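Student: One letter stands for each residue in the lines below.
Number of protein chains: 2
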Amino acid sequence: MNILITGGSGFLGARLARTLLAKGSISLRGQGAMPIDRITMTDRVAPPDDLLGDRRVAHVQGDLLELLQSRRLPTVGTDLVFHLAAAVSGECELDFDLGMRSNMDTTRALLEACRALGSQPMFVFASSLAVFGNLPGQPLPEPIRDDTLPTPQSSYGIQKFISEQLVADFTRKGFITGRSVRLMTVSVRPGRPNGAASGFLSGMIREPLAGLKAACPVSPQATVALASPARTVEGIILAAEADDARWGPPTALNLPSLRTSVGDMAAALERVAGPQATALLDWTPDPLVQRLVRGWPGHVEWTRARQMGLAADADFESIVRDYIRENPGAVKLPLR
Amino acid sequence: MNILITGGSGFLGARLARTLLAKGSISLRGQGAMPIDRITMTDRVAPPDDLLGDRRVAHVQGDLLELLQSRRLPTVGTDLVFHLAAAVSGECELDFDLGMRSNMDTTRALLEACRALGSQPMFVFASSLAVFGNLPGQPLPEPIRDDTLPTPQSSYGIQKFISEQLVADFTRKGFITGRSVRLMTVSVRPGRPNGAASGFLSGMIREPLAGLKAACPVSPQATVALASPARTVEGIILAAEADDARWGPPTALNLPSLRTSVGDMAAALERVAGPQATALLDWTPDPLVQRLVRGWPGHVEWTRARQMGLAADADFESIVRDYIRENPGAVKLPLR
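Going down the list, the sequences are from chains R and E. Note that our numbering gives residue 325 to position 325 of the first sequence, counting from 1, and the numbers run on in steps of one. Remember, our numbering sits 336 above the position in the second sequence when you count from 1.
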């Protein structure tokens, strides 16, 4: 089994690769487990050293669109593509053309390249909760279902939603076997902040645990739909593994989410790391972020994911404890 | 007022131009009627002679994508674009790459060219009922509403739906003032058959009236959502004229439709032109067309269009009589 992971050096791409390498094999569409021979990671930067040290990992560094145009990727014999590479929401809003290139042109070029393979490879596309947005002057539908009409209110969301459509049509035409999963806001992300407007939902946990101040620019009542890194990667892999009946229709699937509030997240942090942690939170409101967050769904149903056997995180405190266990070097505060 | 009509030599484009020229003025977003100084028609072929004879009409012939890339279109000072040009559904299903170029790349290039004008021109996009399709093994939602999630089951439908998303985001970003209207199946189209799978819904009236045989390849019970050419053009123009409050949200709007059946259409033909007309109908079923038509919505709600003041045709017989009045030279049978 020959796997390509785009955005492979990102936090999710690297975690996905580690999980696959630890599994050692994968079953496509329920057709029996096959050993993983190779994972090709592509990104603008090199993947982490632990991945480079695995003899099954290859690494192709560069701009994905250029790599596709020069036919360096995908390599012949690619059976499975996880397409995670994307410019993030904040970037796409600041630079429209960058977003169209990174998120729409690149996805289309990757789909065309997979079509050219002629082998109908499995193509798992990481879409996003960001396809949902509230129309001007209207609240979001409550709850958001798998078949709610997305009305994206960001260029990032539009580009993800357009890519879902392309994946669906390339699949219908028999060019690929495509499956789109909508990732929820992933928290707690380790590492450094990225340009995503949702970044504070990880930073408000990660930075205080490291003894650093963190912005919490919305009200404690703001509700959000979150998933831990582990649950997110689990959903991405199951999208490739599920047989056709278990997967269901060719439309995008909402991954499971935990419905919580920013105030409850801060309370979980305090239960784990005490008031010295929450004292590092700066609750100065940022009207721009507040407006954006109000447009994000806090209540997302995931009926199809549940029918597939996926589950959400039990509560936010366990997400915080998972983060601490997985990132011991990033925690400086004494824990309770 | 400087207007560009793409697909201007097609039947709808030409009818739109004639209607606008007869009006003489148009009001954009409810901002007061302005005289129409120029209508630039673009298409691969020349527009009809009556339009070329109007001094307000200019004509730029060629491939639209090439005309946009060479910056011949849109001309400086364009206030309003009606984007009707498209490869039709049958073509796009036979030639995937042609459809992507004609319906997706060209729409995007036109949107970029309008953005480059810097004047936020009004952009009316002719989308289609074809964005709706039934998922494999599932019936269509009944009824289809303005906010039903489209799950297109044709490349044409996917390309139209993607274009709706681009129009919405270019509008949100302030590059254009975009409005997408979903055209219903237009019947009775005059002229010759085109490559659309829905073509028989005009041919089954037009050909018998001309004394010719016509295929009716589905069962009389098949339900369809139709609009006459007049009602269709009315909706396209109102999309440009309505003020923002009357237009409503930035999502696409279903134009009004008459819900009828193929059997009722044949009965209307017989009431107008007698059994000699319906004797020319060949009811041999075509399984491919039957399958396609089953995937088309027969029951489409148009709540937003009604709130804007638009109306559907009263009944199919009046559509047939309108066709006969407007196309006297195309009718060879004696009428009742």
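No lab work stands behind these hints: they were computed from the structure. These numbers come from a predicted model, not from an experiment. Just to be clear, a hint being listed does not mean it is correct.
From the structure, some residues in chain E lie toward chain R, with a derived Cβ separation under 8 Å [unchecked claim]: (1) Asp373; (2) Arg508; (3) Pro586.
Sample of chain E residues lacking proximity to chain R, with all beta carbon distances greater than 12 Å (derived) [unchecked claim]: (4) Met337; (5) Ala394; (6) Pro472; (7) Pro477; (8) Glu478; (9) Asp482; (10) Ala533; (11) Glu543; (12) Ile573; (13) Gly584; (14) Asp622; (15) Gly645; (16) Ala666.
The beta carbon of each residue, even a glycine, is placed where N, CA and C say it ideally should be.
Student: Are the hints correct? Go through all of them and say.
Tutor: We went through each hint and held it up to the structure:
no. : hint   : verdict
1   : Asp373 : 31 Å, violated
2   : Arg508 : 7 Å, holds
3   : Pro586 : 7 Å, holds
4   : Met337 : 27 Å, holds
5   : Ala394 : 31 Å, holds
6   : Pro472 : 7 Å, violated
7   : Pro477 : 9 Å, violated
8   : Glu478 : 14 Å, holds
9   : Asp482 : 9 Å, violated
10  : Ala533 : 16 Å, holds
11  : Glu543 : 32 Å, holds
12  : Ile573 : 24 Å, holds
13  : Gly584 : 9 Å, violated
14  : Asp622 : 21 Å, holds
15  : Gly645 : 21 Å, holds
16  : Ala666 : 37 Å, holds
Violated hints, listed in ascending order, are 1, 6, 7, 9, 13; each of the other numbered hints is respected by the structure.
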